[in-house]
Amino acid sequence: MSFLNVIRRRLGFLFLVVVGVSLITFAISHMIPGDPARLIAGERASDQIVAHIRETLRLDRPLWEQYAHYVRDLLHGDLGTSIRTGRPVSGDITAFFPATIELVVAALLFAIAVGVPLGVMSAVWRDRPIDHLVRTIAVTGISTPAFWLGLLVILCFYGRLHWLPGGGRIDQMVAPPPLITGFYLVDALLAGDGVAFASALRHLILPALTLGFVHVGVVARQIRSAMLDQLNEDYVRTARAGGLSRLRVVLGHALPNALIPSVTVLGLAFGDLLYGAVLTETVFAWPGMGSYVVASIQSLDFPAVMGFTIVVSFAYVFVNLSVDLIYLALDPRITDIG
Amino acid sequence: MASPTSAPAAAVPRAWIDWGYLAYRLRRSPLAVVGLVMILLVFLAITLGPQFLPFEPNMVNLRARLAPPSAVHWFGTDEVGRDIFARVLYGGRISVSIGFFVVFLAGTIGTVIGGLSGVVGGRIDTIVMRLMDVLLSVPSLVLTMALAAALGPSLWNAMLAIALVRIPAYVRLSRGQTLTIREAAYVKAARTFGASPWQILRWHVAANALPPIIVQATLDLGATILMAAALSFIGLGAQPPAAEWGAMISVARNYILDQWWYSAFPGSAILFTAIGFNLLGDGLRDLTDPKQKVR
Amino acid sequence: MSDASKIVAAITVLAAAAAAPAAWAATAKDVLVIGKSADPQTLDPGVTVDNNDWTVTYPAYQRLVRYKTENGKGLTSVEGDLATKWTVSADNLAWDFTLKPGNSFADGTPVDAAAVKFSFDRLFALKQGPSEAFPDGTVVTVVNPTTVHFQLKTPFAPFLYTLANNGAAIVNPKVMEHQKDGDQAQGWLSGHTAGSGPYQLTSWEKGQSIVLEPNPKFAGPKPPFSKVITKIVAEASARRLQLEGGDLDIAEDLPGDQLDALKKAGNGITVSEYPSLKVTYLYLNNKRPPLDKPEVRRAIVAAIDDGAIIDGILLGKGKPMGGPIPEGMWGYDASIKPAAHDPAAAKALLKSAGAEKIKLSFVMSNKDPNWEPIALATQSNLAEVGATVSIENIANATFRERLGKGDFDIAIGNWSPDFSDPYMFMNYWFDSGKQGLSGNRSFYSNPKVDELVRKAAVESNQAERTKLYQEAQKITVADAAYVYLFQKNSQVALRSDVKGFVFNPMLEQIYNVDEMSKSK
Numbered sequence: 001m002s003f004l005n006v007i008r009r010r011l012g013f014l015f016l017v018v019v020g021v022s023l024i025t026f027a028i029s030h031m032i033p034g035d036p037a038r039l040i041a042g043e044r045a046s047d048q049i050v051a052h053i054r055e056t057l058r059l060d061r062p063l064w065e066q067y068a069h070y071v072r073d074l075l076h077g078d079l080g081t082s083i084r085t086g087r088p089v090s091g092d093i094t095a096f097f098p099a100t101i102e103l104v105v106a107a108l109l110f111a112i113a114v115g116v117p118l119g120v121m122s123a124v125w126r127d128r129p130i131d132h133l134v135r136t137i138a139v140t141g142i143s144t145p146a147f148w149l150g151l152l153v154i155l156c157f158y159g160r161l162h163w164l165p166g167g168g169r170i171d172q173m174v175a176p177p178p179l180i181t182g183f184y185l186v187d188a189l190l191a192g193d194g195v196a197f198a199s200a201l202r203h204l205i206l207p208a209l210t211l212g213f214v215h216v217g218v219v220a221r222q223i224r225s226a227m228l229d230q231l232n233e234d235y236v237r238t239a240r241a242g243g244l245s246r247l248r249v250v251l252g253h254a255l256p257n258a259l260i261p262s263v264t265v266l267g268l269a270f271g272d273l274l275y276g277a278v279l280t281e282t283v284f285a286w287p288g289m290g291s292y293v294v295a296s297i298q299s300l301d302f303p304a305v306m307g308f309t310i311v312v313s314f315a316y317v318f319v320n321l322s323v324d325l326i327y328l329a330l331d332p333r334i335t336d337i338g
Numbered sequence: 001m002a003s004p005t006s007a008p009a010a011a012v013p014r015a016w017i018d019w020g021y022l023a024y025r026l027r028r029s030p031l032a033v034v035g036l037v038m039i040l041l042v043f044l045a046i047t048l049g050p051q052f053l054p055f056e057p058n059m060v061n062l063r064a065r066l067a068p069p070s071a072v073h074w075f076g077t078d079e080v081g082r083d084i085f086a087r088v089l090y091g092g093r094i095s096v097s098i099g100f101f102v103v104f105l106a107g108t109i110g111t112v113i114g115g116l117s118g119v120v121g122g123r124i125d126t127i128v129m130r131l132m133d134v135l136l137s138v139p140s141l142v143l144t145m146a147l148a149a150a151l152g153p154s155l156w157n158a159m160l161a162i163a164l165v166r167i168p169a170y171v172r173l174s175r176g177q178t179l180t181i182r183e184a185a186y187v188k189a190a191r192t193f194g195a196s197p198w199q200i201l202r203w204h205v206a207a208n209a210l211p212p213i214i215v216q217a218t219l220d221l222g223a224t225i226l227m228a229a230a231l232s233f234i235g236l237g238a239q240p241p242a243a244e245w246g247a248m249i250s251v252a253r254n255y256i257l258d259q260w261w262y263s264a265f266p267g268s269a270i271l272f273t274a275i276g277f278n279l280l281g282d283g284l285r286d287l288t289d290p291k292q293k294v295r
Numbered sequence: 001m002s003d004a005s006k007i008v009a010a011i012t013v014l015a016a017a018a019a020a021p022a023a024w025a026a027t028a029k030d031v032l033v034i035g036k037s038a039d040p041q042t043l044d045p046g047v048t049v050d051n052n053d054w055t056v057t058y059p060a061y062q063r064l065v066r067y068k069t070e071n072g073k074g075l076t077s078v079e080g081d082l083a084t085k086w087t088v089s090a091d092n093l094a095w096d097f098t099l100k101p102g103n104s105f106a107d108g109t110p111v112d113a114a115a116v117k118f119s120f121d122r123l124f125a126l127k128q129g130p131s132e133a134f135p136d137g138t139v140v141t142v143v144n145p146t147t148v149h150f151q152l153k154t155p156f157a158p159f160l161y162t163l164a165n166n167g168a169a170i171v172n173p174k175v176m177e178h179q180k181d182g183d184q185a186q187g188w189l190s191g192h193t194a195g196s197g198p199y200q201l202t203s204w205e206k207g208q209s210i211v212l213e214p215n216p217k218f219a220g221p222k223p224p225f226s227k228v229i230t231k232i233v234a235e236a237s238a239r240r241l242q243l244e245g246g247d248l249d250i251a252e253d254l255p256g257d258q259l260d261a262l263k264k265a266g267n268g269i270t271v272s273e274y275p276s277l278k279v280t281y282l283y284l285n286n287k288r289p290p291l292d293k294p295e296v297r298r299a300i301v302a303a304i305d306d307g308a309i310i311d312g313i314l315l316g317k318g319k320p321m322g323g324p325i326p327e328g329m330w331g332y333d334a335s336i337k338p339a340a341h342d343p344a345a346a347k348a349l350l351k352s353a354g355a356e357k358i359k360l361s362f363v364m365s366n367k368d369p370n371w372e373p374i375a376l377a378t379q380s381n382l383a384e385v386g387a388t389v390s391i392e393n394i395a396n397a398t399f400r401e402r403l404g405k406g407d408f409d410i411a412i413g414n415w416s417p418d419f420s421d422p423y424m425f426m427n428y429w430f431d432s433g434k435q436g437l438s439g440n441r442s443f444y445s446n447p448k449v450d451e452l453v454r455k456a457a458v459e460s461n462q463a464e465r466t467k468l469y470q471e472a473q474k475i476t477v478a479d480a481a482y483v484y485l486f487q488k489n490s491q492v493a494l495r496s497d498v499k500g501f502v503f504n505p506m507l508e509q510i511y512n513v514d515e516m517s518k519s520k
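Residue numbers (our numbering), protein chains in the order written: chain A, 1 to 338; chain B, 1 to 295; chain C, 1 to 520.
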């Protein structure tokens, strides 16, 4: 019952988000001074040529008419044609989005894998040296400019040590795996292509670690705070008094309970990771949405910018919907979420 | 319960900051102290530092381009021979002012909107909160990038854009605080005696919501400085010849292989300042979090 | 937790296994890898105006004529490519081209007169950037399968040279099978190639790499590379590292300091330097006071220390210019010497014009990394003569907008010719009919110059045209319409085992991949 409620509410919200987001981005992209037609026509094009391009792109129509067209196409699942590349925006997004998601998921896994143990240690040994050390690591992660760290990492692991590739998603001499999901690692596994898998993995490590490092801190902080709440609960004291070992209590009882509220925070972290991905991608030549969006914004390619924003907002709402559902499933005490 | 004759202000409960406890905790929380010291160092360096420097941040000297750190140029020089130490110090002024301005703007607007929305309640509250949810669903960097591009790339526009995306966090925070005390007896009493929503907001909500908002603001200072640097890095923030840290790294990345100092110093400056604010914010949050007072 | 630790362990093992092979490996001998800073945008020759796209399109298509190569040097004169010979009528209006037999597109369709007509009709129908180079109202007709006729409306002296442009590519008429909603197959051609050149596009992983493979139906000799890969590596430093590591054979777009470092290190990398036709110059807004006075403009020319800019910013990789036509283009006048750096004379000129202590805006964008240091140098040079310059760095789109409207005092620009004719400089820069973005960005206007350059554009005798252009040059230099800063040297960094590369100043970022090879 409550599952249905949450889903219904979220879907209503999704509709609101799409209307809101499309209006906001449309308004923003049309505030931009500058003429996309001029950009495609080239610096030297005559005014007639520019006018002709404006006409074909419907840029000469009133704004509301352009928006109406956009929404009509959107309802048909058509995100329009990119001004910059002349390709359908949906095609570009299918080409670039999986790369970004792959990077974000890898970074999130890394952040969880490192952040959770750090957070637990920090809570268990609160105010001890190890707590200070963990918190210093966490704060350093949060405070690191990802674009700068990325440069240093490339310099070190590719330039000096020659351990890992310095950019891109797969070796140029390795054929990308057949397109199934768009995630190279998954596709390579499905196709049983060990070479492609190894190459894709090696290319993923540096950007994922760079992006993930920033979020190790976010995860560790959250786990620490949730663990502290749990460790102060009566049941923990009871269990300890009942003779259970400290380790059993911490890992067997407190941690699972601390993970429940942390799931929500991870959902929010997903949004921040997308944001961080934009910067990480440019540094690592990672062919994801980041570089695409930066280029689109620079060339006033508003169909591309809007398409991206709408898709990301969708993804964001869906991630948070699933997080809410997981939350509901994990914690039977909660029957409704606002 | 407050008596009808006492002034509403007198009825405001004490804020959660307990100074004696704070001093006790600070001793046990060396990281917050370290953060405080780091910030003080940054402030000292950027306010007093430039007075003692023989170099202007924008002084071009093509004969001394890309010189490594030395006794003359402590942090070396850049591709047109400007002193990087001078530029890092001036850049600090820019970055830190951006941080304070943005956080102040977003914090004030967000707190007022959230507080009013919470006090007024009803349909307006619903509309405001849905609006904030929509704003939160747009990826923040894209929103700032699009806004900065739309308004034209400049430091000022980047600041406005960053402030806009930071507002919802404060709205939620201040509304949440408002809701918890709206039902408190003394607020109900004030309402009975004809206090307007604005007055209630000013008298009661402000005093209670302030500590968590200050904590949030301290943490946001670090985040804002990073975000401004990121915008400048992709060319949508500070414009040359302004010595902004992100903008400096954006140029310096082309020199990272042969002139390590060019990107190392502005990068470390961002890192140092952001760590300072985050350590302090982290510490303050623990101190003001009533749940964690036990022990 | 135990699950989590298993995952961690698994990831660690996999990472170690994946990291085991060396990260640096040279590319195969029959594969050429070119490192680019940005993904091409569209591959439709009727739409693209960007050299960055032409790296892919130029070797995929053929044109009626091509630039000559002599003794390993690329020239600006042309010879037949698809055409064997051509005739032109006495009034310079009717051109007939005879096609070479035996050329065919990658799918086997022969390249005939109908294909030529189709390509130009499509170009004119699209009416986008590349059509700008071709005179308005040109009509193309098929005389017979091997003869095609061009009828011009007005005489246009550079016509033959425009046919070597990327936009003059001959496109397979069968692309119309991919037409959607009357788009002239634009959507399809933006991501595919349909030409008769030595290579054709086989795959494009957006944002990562583009693979070209030999066209099986190519009429010329079999090209040496089985694959030409264009790889997108946005960071200049990363491109250099990949070139050094052998992951790239050619790295584009490296900053001067990095090229110098590469040269110094050796390490199996050759950095070659070629004189180019890429000109960097300042627009002085001739319409807006105080720059409407020639004295003030001359003062600015004298105040700017061109030599210091070339030495300090270009690291000496450029040549100062005296007049608008760069060295290497016919019509160049060696007797016009670069202006001397003379702050005292500049001050005197400003005083005589009553324009001391002027305030000027310098508008620029980040399109070229050299622009910012040049702006800074200009700012300090002009400060020495009492002029205050405020630099406005704005988004490139906004920048162009302001150039078009003439909303600036000083602005900076790069220019390189689309076809090898002084028309590209003299007519574009000085004809008062081309004011604004189309070329005359100083908003210069002089009836005498208009007359001279317009006459040169229709005259067929090259000696006569040279005379007209040189006369116009003298006037415009005296009027100080622009500040000519330098013509840049093009530098190409390639691994030393790559042989046979020919640089052509008309073909920046385009490689003669059908003639190059790799030795080991």
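It is possible that some hints are incorrect.
Stated by the list, open to error - Rough simulated footprint, nothing fancy, chain C against chain A, three-plus residues with beta-carbon under 8 Å:
(1) 7-21
(2) 91-97
(3) 147-157
(4) 166-174
(5) 289-297
(6) 310-317
Rather than coming from a laboratory, the hints here were simulated on the basis of the structure.
Ideal placement from N, C-alpha and C gives every residue a C-beta, glycine not left out.
Status of each hint after checking the structure:
no.: 1; hint: 7-21; in the structure: violated (count 0)
no.: 2; hint: 91-97; in the structure: holds (count 3)
no.: 3; hint: 147-157; in the structure: holds (count 3)
no.: 4; hint: 166-174; in the structure: holds (count 7)
no.: 5; hint: 289-297; in the structure: holds (count 3)
no.: 6; hint: 310-317; in the structure: violated (count 0)
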